[in-house]
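Number of protein chains: 2
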Amino acid sequence: MTANGATGDRPGRSGRRPGQSGAREAILAAARARFAEAGFDKTSIRAVAADAGVDPALVHHYFGTKQQLFGAVVQLPVDPELTLSAVDAAPLDRLGETIIRAVLSVWDSPAGDGVVAMVRSIIAGGDTSLARSFILEVVLERVRQRIATPEDDGRLRVALVGSQMIGLLMARKIVGIEPMASAPAEELISAIAPTLQRYLFGEI
Amino acid sequence: MTANGATGDRPGRSGRRPGQSGAREAILAAARARFAEAGFDKTSIRAVAADAGVDPALVHHYFGTKQQLFGAVVQLPVDPELTLSAVDAAPLDRLGETIIRAVLSVWDSPAGDGVVAMVRSIIAGGDTSLARSFILEVVLERVRQRIATPEDDGRLRVALVGSQMIGLLMARKIVGIEPMASAPAEELISAIAPTLQRYLFGEI
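From first to last, the protein sequence lines are chains A and B. Note that the first sequence covers residues 409 to 612 in the numbering used here. Note that the second sequence covers residues 409 to 612 in the numbering used here.
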């Protein structure tokens, strides 16, 4: 696990008007509780601020957007916005390839170790509600908005994409199934991108 | 976790000629150590029997084949042979569909809870060597033998199949990504079987 959010902890201190580092901790604790209880969509910065006894502007000051606050709560080792903006910008006929290329570039980077540690701890902990909320409401929702049509909301399609990406992470980084664990990224991209493209746009 | 292998444990008892229940435990302990150290392929019933101080015939008597002994060591809640024999019998043009159909029928059965518990505990425990050995050398190897050609040993192909099946297990049973978590099995089979078939026989 990464250490962000663990700095400035003062166990003996509490109250409605906490100091600077106490406020940061109070916001994180309130956000963790709200996100776990209500999920990403139904949690507002305003409600988190009220629970923490601070002004909403202070939440934005410390953590930025609601998505970045969520990233701090689940202790994401990387800013998901970097990957998601690549997905937003991709042409639709290369959306599958863009997704696997962007995701592999994070997992195969030094920051990938943090992702693996996070996934392990989520699964081991037993409470997968935050992970589910993050995958469904932040990551897959961004992809879904790009493919939804009046006839098909795209929910099953993006869930299928998510399942193949989770399986790739497990095979490459956690269980270590050869030759996927050590294959060059380009080999996996050419094998898996057509799967994702079919899940997103093909006959399913 | 299931309780097989945990019966008849007598902590105070040991020795080169253990009694009936002690022998069973000694065989399991020896097999666990050998499989973890050397993997499935390089472990022999003879070596396990020697380590446990019993006759190889007694190992077969208690546990059956080496694969069944392995199943007892990793506390598999189901006999993998039931699924694997379906894979052996499938026509090649329906191999992908057969795999996902057989696997889903186990996961969606009452025994599936045991599979989920096993996967969780393997990931949480950190030591994935037994899981890797089981997936690679028992399950995927049986599929690989059906698709290997002189030009392509099929290792990457079956690993890709494994990654999609692990991802399906995670999405449906562990993280709970809707609508995959509650979709009818037939809907998932029709969406995913073509992926597996392409991984096994198509352009990758």
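No lab work stands behind these hints: they were computed from the structure. Among the hints, erroneous ones may be present.
The list cannot tell twin chains apart, which means a pair is met if one copy fits it or any two copies do.
[What the hints assert, rightly or not] Straight-line alpha carbon distances no greater than 35 Å define the calculated DSBU-like cross-link-like pairs of lysine-lysine that follow: (1) 450 to 581; (2) 581 to 474; (3) 450 to 474.
Just so it is clear, the structure is predicted and the values come from calculations on it, not from any experiment.
* Provide an ascending list of the numbers of those earlier hints which the structure does not satisfy. => none
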